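Visitor: Residue strings, one per chain:
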Amino acid sequence: GENVEQHPSTLSVQEGDSAVIKCTYSDSASNYFPWYKQELGKRPQLIIDIRSNVGEKKDQRIAVTLNKTAKHFSLHITETQPEDSAVYFCAASGDTGNQFYFGTGTSLTVIP
Amino acid sequence: KAGVTQTPRYLIKTRGQQVTLSCSPISGHRSVSWYQQTPGQGLQFLFEYFSETQRNKGNFPGRFSGRQFSNSRSEMNVSTLELGDSALYLCASSYKGDTQYFGPGTRLTVL
Numbered sequence: 001g002e003n004v005e006q007h008p009s010t011l012s013v014q015e016g017d018s019a020v021i022k023c024t025y026s027d028s029a030s031n032y033f034p035w036y037k038q039e040l041g042k043r044p045q046l047i048i049d050i051r052s053n054v055g056e057k058k059d060q061r062i063a064v065t066l067n068k069t070a071k072h073f074s075l076h077i078t079e080t081q082p083e084d085s086a087v088y089f090c091a092a093s094g095d096t097g098n099q100f101y102f103g104t105g106t107s108l109t110v111i112p
Numbered sequence: 001k002a003g004v005t006q007t008p009r010y011l012i013k014t015r016g017q018q019v020t021l022s023c024s025p026i027s028g029h030r031s032v033s034w035y036q037q038t039p040g041q042g043l044q045f046l047f048e049y050f051s052e053t054q055r056n057k058g059n060f061p062g063r064f065s066g067r068q069f070s071n072s073r074s075e076m077n078v079s080t081l082e083l084g085d086s087a088l089y090l091c092a093s094s095y096k097g098d099t100q101y102f103g104p105g106t107r108l109t110v111l
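For the record, the sequence lines run as chains A and B.
Going by our numbering, the first sequence opens with residue 1, and the numbers climb by one from there.
Going by our numbering, the second sequence opens with residue 1, and the numbers climb by one from there.
Calculated directly from the structure, the hints in this document are not laboratory data.
Check each hint, because a few of them may be wrong.
Below 30 Å or equal to it, Euclidean Cα-Cα: the simulated BS3-like pairs (lysine-lysine) are [claimed, not checked]:
1) K96(B) x K37(A)
2) K58(A) x K57(B)
3) K96(B) x K57(B)
4) K57(B) x K37(A)
5) K22(A) x K57(B)
6) K57(B) x K71(A)
7) K96(B) x K58(A)
8) K13(B) x K57(A)
9) K42(A) x K58(A)
10) K58(A) x K68(A)
11) K22(A) x K57(A)
12) K37(A) x K22(A)
13) K37(A) x K57(A)
14) K71(A) x K13(B)
15) K96(B) x K68(A)
16) K13(B) x K58(A)
17) K68(A) x K37(A)
18) K13(B) x K68(A)
19) K22(A) x K13(B)
20) K71(A) x K96(B)
21) K22(A) x K71(A)
These figures come from a predicted structure and were not determined experimentally.
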């Protein structure tokens, strides 16, 4: 099956700096890569996703890049704010109906 | 549309007991997946149901089972509870298995 690895497990940045979280996957058939943000005591919320026919996607301060050849994808958060502090999970999935495989999460702390 | 709901939100059980958790998906969604979340382990996939049929299954023992009803609501059952089953159990719904939307979770504590 698929194996998704996520790094780093913890990340601290100063407010206003950028944060980058990286994930690698093993199954070349995976073609959908969502990112979730989970604040303390709350449910994971989808923040951005990318499909394998696209190399990059951006939504305001958040962007995701995908390198299919190297089998890795990354989340980029620019101009970080304290409210960005949360645990972020990456995931990978194949065709519709295939299960999702999640990374182990990155705890991001934005220091005011 | 109303979001994914889960009941109960909190449960305390003792070893050896069994428990049933419930998940109501977003209206129109036919796929429901269940995950176990523990500190340091991330989200571990349990199983997925689509149109009342189990379509995918993770690597959990047979003590963990589930089902889905004709209205897409799903239940998860854990029998003979162990201390290690203490976790947050999340369900996620999607239209057909694509983008997943999570419920608030059920926090299970096994004493």
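Visitor: Does each hint hold? Answer for all of them.
Guide: Consistency of the hints with the structure:
1. Using a Cα cut-off of 30 Å, the hinted pair K96(B) and K37(A) holds, with the two alpha carbons roughly 22 Å apart.
2. Of the pairs offered as hints, the one joining K58(A) and K57(B) is violated, with about 33 Å between alpha carbons and a cut-off of 30 Å exceeded.
3. Among the hinted pairs, K96(B) with K57(B) is consistent with the structure: their alpha-carbon atoms are about 16 Å apart, no more than 30 Å.
4. The straight-line distance between the Cα atoms of K57(B) and K37(A) is roughly 24 Å, inside the 30 Å bound, and the hint therefore holds.
5. A C-alpha spacing of about 27 Å is found between K22(A) and K57(B), which places the hinted pair at or below 30 Å, so the restraint holds.
6. For the suggested pair K57(B) and K71(A), the alpha carbons sit about 24 Å apart, so the restraint of at most 30 Å is met.
7. Taking the CA atoms of K96(B) and K58(A), the gap is near 25 Å; set against the 30 Å cutoff, the hint holds.
8. A threshold of 30 Å between alpha carbons decides the hint, and for K13(B) with K57(A) the separation of about 45 Å lies outside it, so the pair is violated.
9. For the hint pairing K42(A) with K58(A), the CA-to-CA distance comes to about 24 Å; that is within 30 Å, so the pair holds.
10. Distance hint between K58(A) and K68(A) is fulfilled; the C-alpha atoms sit about 18 Å from each other, no more than 30 Å.
11. Of the pairs offered as hints, the one joining K22(A) and K57(A) holds, with about 15 Å between alpha carbons and a cut-off of 30 Å not exceeded.
12. The straight-line distance between the Cα atoms of K37(A) and K22(A) is roughly 14 Å, inside the 30 Å bound, and the hint therefore holds.
13. For the hint pairing K37(A) with K57(A), the CA-to-CA distance comes to about 17 Å; that is within 30 Å, so the pair holds.
14. Annotation: proposed proximity of K71(A) to K13(B) is violated, straight-line Cα distance about 42 Å (limit 30 Å).
15. A hinted pair counts as satisfied when its Cα atoms are at most 30 Å apart, and K96(B) with K68(A) qualifies at roughly 25 Å.
16. Only pairs whose Cα atoms come within 30 Å are accepted, and K13(B) paired with K58(A) is rejected, the gap being roughly 45 Å.
17. With a C-alpha separation of about 23 Å, the suggested pair K68(A) and K37(A) falls inside the 30 Å cut-off, and the hint holds.
18. Restraint check: the Cα-Cα separation between K13(B) and K68(A) comes to about 45 Å, which exceeds 30 Å; the hinted pair is violated.
19. The suggested pairing of K22(A) with K13(B) is violated, with an alpha-carbon distance near 38 Å, which exceeds 30 Å.
20. Proximity of K71(A) to K96(B) is assessed by CA-CA distance (about 25 Å); at most 30 Å being required, the pair is judged to hold.
21. Restraint check for K22(A) and K71(A): the C-alpha separation of about 11 Å stays at or below 30 Å, so the hint holds.
Violated hints, listed in ascending order, are 2, 8, 14, 16, 18, 19; each of the other numbered hints is respected by the structure.
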